[in-house]
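Construct all of the structure, not just a fragment, from the sequences and the given hints.
Protein chains: 2
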Amino acid sequence: MVTNSARLEYQFHVFLLNYLLPALDGDAKTMNFLQEVVDIMLAYIVESFDRSTKVIDFHYPNELLQRNNWELSDEPETLDDILISCRATLKYAIKTAHPRYFNQLSTGLDMVGLAADWLTSTANTNMFTYEVAPVFVLLEYVTLKKMREIIGWQEGRGDGIFSPGGAISNMYAMLLARYKMFPEVKEKGMSSAPRLVAFTSEHSHFSIKKGAAALGIGTESVICIKADERGKMIPSDLERRIIEAKQKGYVPFFVSATAGTTVYGAFDPLMAIADICKKHDIWMHVDGAWGGSLLMSRKHRWKLNGVERANSMTWNPHKMMAVPLQCSALLVREEGLMQSCNQMQACYLFQQDKQYDLSYDTGDKALQCGRHVDIFKLWLMWRAKGTIGFEAQIDKCLELSEYLYNKIKDREGYEMVFDGKPQHTNVCFWYLPPGVRYLEDKVEKMKRLHKVAPVIKARMMEYGTTMVSYQPQGDKVNFFRMVISNPAATFEDIDFLIEEIERLGQDL
Amino acid sequence: MVTNSARLEYQFHVFLLNYLLPALDGDAKTMNFLQEVVDIMLAYIVESFDRSTKVIDFHYPNELLQRNNWELSDEPETLDDILISCRATLKYAIKTAHPRYFNQLSTGLDMVGLAADWLTSTANTNMFTYEVAPVFVLLEYVTLKKMREIIGWQEGRGDGIFSPGGAISNMYAMLLARYKMFPEVKEKGMSSAPRLVAFTSEHSHFSIKKGAAALGIGTESVICIKADERGKMIPSDLERRIIEAKQKGYVPFFVSATAGTTVYGAFDPLMAIADICKKHDIWMHVDGAWGGSLLMSRKHRWKLNGVERANSMTWNPHKMMAVPLQCSALLVREEGLMQSCNQMQACYLFQQDKQYDLSYDTGDKALQCGRHVDIFKLWLMWRAKGTIGFEAQIDKCLELSEYLYNKIKDREGYEMVFDGKPQHTNVCFWYLPPGVRYLEDKVEKMKRLHKVAPVIKARMMEYGTTMVSYQPQGDKVNFFRMVISNPAATFEDIDFLIEEIERLGQDL
Chain A
1 MVTNSARLEY QFHVFLLNYL LPALDGDAKT MNFLQEVVDI MLAYIVESFD RSTKVIDFHY
61 PNELLQRNNW ELSDEPETLD DILISCRATL KYAIKTAHPR YFNQLSTGLD MVGLAADWLT
121 STANTNMFTY EVAPVFVLLE YVTLKKMREI IGWQEGRGDG IFSPGGAISN MYAMLLARYK
181 MFPEVKEKGM SSAPRLVAFT SEHSHFSIKK GAAALGIGTE SVICIKADER GKMIPSDLER
241 RIIEAKQKGY VPFFVSATAG TTVYGAFDPL MAIADICKKH DIWMHVDGAW GGSLLMSRKH
301 RWKLNGVERA NSMTWNPHKM MAVPLQCSAL LVREEGLMQS CNQMQACYLF QQDKQYDLSY
361 DTGDKALQCG RHVDIFKLWL MWRAKGTIGF EAQIDKCLEL SEYLYNKIKD REGYEMVFDG
421 KPQHTNVCFW YLPPGVRYLE DKVEKMKRLH KVAPVIKARM MEYGTTMVSY QPQGDKVNFF
481 RMVISNPAAT FEDIDFLIEE IERLGQDL
Chain B
1 MVTNSARLEY QFHVFLLNYL LPALDGDAKT MNFLQEVVDI MLAYIVESFD RSTKVIDFHY
61 PNELLQRNNW ELSDEPETLD DILISCRATL KYAIKTAHPR YFNQLSTGLD MVGLAADWLT
121 STANTNMFTY EVAPVFVLLE YVTLKKMREI IGWQEGRGDG IFSPGGAISN MYAMLLARYK
181 MFPEVKEKGM SSAPRLVAFT SEHSHFSIKK GAAALGIGTE SVICIKADER GKMIPSDLER
241 RIIEAKQKGY VPFFVSATAG TTVYGAFDPL MAIADICKKH DIWMHVDGAW GGSLLMSRKH
301 RWKLNGVERA NSMTWNPHKM MAVPLQCSAL LVREEGLMQS CNQMQACYLF QQDKQYDLSY
361 DTGDKALQCG RHVDIFKLWL MWRAKGTIGF EAQIDKCLEL SEYLYNKIKD REGYEMVFDG
421 KPQHTNVCFW YLPPGVRYLE DKVEKMKRLH KVAPVIKARM MEYGTTMVSY QPQGDKVNFF
481 RMVISNPAAT FEDIDFLIEE IERLGQDL
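Protein chains in written order, with the working numbering: chain A, 1 to 508; chain B, 1 to 508.
Be aware that a few hints might be false.
Identical copies carry no separate label here, and so any pair may be met within one copy or between two of them.
Taking lysine-lysine pairs in the DSSO-like style, the calculated list, with each CA pair at most 30 Å apart, reads [as the list claims (entries may be wrong)]:
#	residue 1	residue 2
1	Lys91	Lys29
2	Lys447	Lys180
3	Lys365	Lys145
4	Lys54	Lys278
5	Lys365	Lys146
6	Lys442	Lys421
7	Lys278	Lys188
8	Lys354	Lys447
No wet-lab data here; the hints were simulated from the structure.
Predicted, not measured: the structure shown is a model, and the values here were computed from it.
Below, the structure is given as structure tokens:
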């Protein structure tokens, strides 16, 4: 066996490890290598916050494919080549921490959150049992309880899980609502239930329909409720559609209200919706992926009044709380429901004769088997900031968006997509370049205006100076949707954005 | 506005940032803080590979809750407190890199993979569009193509996605199979389809049933096919059950064959299953979450012969290839199907008038909206090792398991759960302590034996010397399931495991 062993160890060294750990005497080489990678990252971090650097060094896909050798081959590369790849990857990455990166609901880079994510990678484990993730399982328990307290559920009771993103959290909620009403669907499938219908506003996130498609409910059974001009669900329309569905013999089982819509940042009137759900005995879910974090702010949490009456809530700390991606929680009011809905009692993973309290094994209430550790970054950031730190961060972003709104609402060349102060940090507006501004033919004007935002956006990316999102909505042509979740942004960055839009768009 | 701004900046500093970036002049403090965290991690890494340290410093949940202050409060903590929390978290973590940690299918810690995961956290972006993740989207494209080539699909054509774990990958496959046969289910729900039935072996992973429950198909519509004594699906039983289902008027739509079962490490006979699927026109999925990586080994890939005839395959590089958690791929033979199955065309995210080739925007074919970047660690490890490096690593683990098998198969006090050389690294065995070994009453013997593995396992954790999994299966009482996926393990570690089991179990 010795010869065999020696041969294997040789292969091991040559092919696998470049003499890094676990190679014998690999300590020093490993430390050097990891430190070099850390130095590359530290330089990138400092650069990311520097306004004189580009947000993006943009290249078209075919061009980027040719700018570096990205291919995989049979033969190993040297560690120097690996470091070159690390540098190239960061060179062409978007600097999502950049104070002028406004493109997504998730922006910014928190230093404590980042440190926590590095540590999570180093611990390299799975959330399914206390056995393999004792600390992380406890921290999830502590944090979910705290979040439920903030929602306003008595003594923080209830259940919940961190899931891979808001879409999956919303899908969980729909699954639980169905199970609550028709538990037999778990074994017998949808054919054992009557036709189920779900309700959500026309401004809600597409994941509600995606979930319905996956769960075998069907997108046609998701009834879109009218929203008012500010993007809020109209409760009277909800009730009308529920009654209509019942008259057709369908069974309303799920209402997903949105706290912070993707485009307008609108908050559905949760209290009125809760009344309707109670009256008709329907599961009330609140999709607060984007707006849920406003619960952390004493100044803004009134926008979610009524959330305490919901049966479940999606809340993504990776958005407005700037926790590194990804970190999404589903909170559920009823205890034990997730477990009975999802458990399959696989005895090879969830042994019932282990030495510790098995209620800490969370795996069987999940849809996933292995589950990534998403809790530590949120927990550590919470420790570093305290609740009041998150509050200050959120309040600041909202103040910046109000500043933007005040600045452009009467400015020449701008038109707001909806009237009034934004409720979240979403500020939706058109910029009308001089060449479009005075056109009298309205059809021609809209046609031209529709092309303005995409061109300005493409130019922003080519110059690399800033990034902001745009989209059409209903019959409204392309407009900018500015959002602020990056704690690095300042009033001066808002000023810059306005100037940059005008600079890049004035000739259109 | 200046006063306002000044007040905000003050809050910002005091509550949020502890003067870390993006605070003005935060560079030096940030570098120091991150370097301190790195130093804590580097020390942990070196310790993890040191056999003289414990795999785990085990404490019961209530005890662990009291060993540290894990609570979240309103007030911020100092950076020194944060560093203390980092140290405490690692102190009580499982050392999953430890050469004697055999507890899960995912073990080990690859230094290049770890560096890549740190870099991924630093880049902090999302996979949904090329716009926000240009490099990572391209690397996913390159890597999925390479994986499809290795499966044997012509020119690597097809589709795929990295998903949050094997359970979700399997659910994707089932969803695609349903969509392929009854696309109207997407809009109209399961009531528009006849009763669908899926087939998988009795030894398959519980995620197949979990997926069926979620998708509204129902667990009773998952028909469990008999496995032989080695845990392999019996093709004749599969065909019999398909015919039986058809006779009842059900529609067989999905067969999930397993390449590497969780407990026995069995490979279902894919060629025979492919023949049956072809004959009956059923989607063939291969759940290779655990065994798929053997495709990287010229010596072992024959065990998956026939996989090239599958319609889809789950393959988790985070298991046998030791990529950091998590990294799971679903590969699909047909191009375009994922997109049409899952797309909702949300124009606010997937604008159709962007300046670049939109085929690189992968978000609308996913069930998720935001999607974590899981590709970079696999890609960078592949560059560092080459295909032959992964091959050597896999071959070594299989050689170690054969060594274990040879060592215990005729050893006194051991009994193998199934005969013959293991096909994967799973070695399943009972250890019979002297007090149990010679019992004549068979019922009493089994009753006593059932309790042996849990007690030895609990002692392993209390001593912290090693960790290995156990479970019952069918009518078989608790047995050890040894698996080897940790490249740090050596022949000596296998010897140690045997000695440790005997040391800890001799008095039972």
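How the hints compare with the structure:
no.	hint	in the structure
1	Lys91 to Lys29	both (25 Å within a copy, 24 Å between copies)
2	Lys447 to Lys180	neither (49 Å within a copy, 38 Å between copies)
3	Lys365 to Lys145	within (17 Å within a copy, 34 Å between copies)
4	Lys54 to Lys278	neither (52 Å within a copy, 54 Å between copies)
5	Lys365 to Lys146	within (20 Å within a copy, 35 Å between copies)
6	Lys442 to Lys421	within (27 Å within a copy, 78 Å between copies)
7	Lys278 to Lys188	both (28 Å within a copy, 27 Å between copies)
8	Lys354 to Lys447	between (67 Å within a copy, 16 Å between copies)
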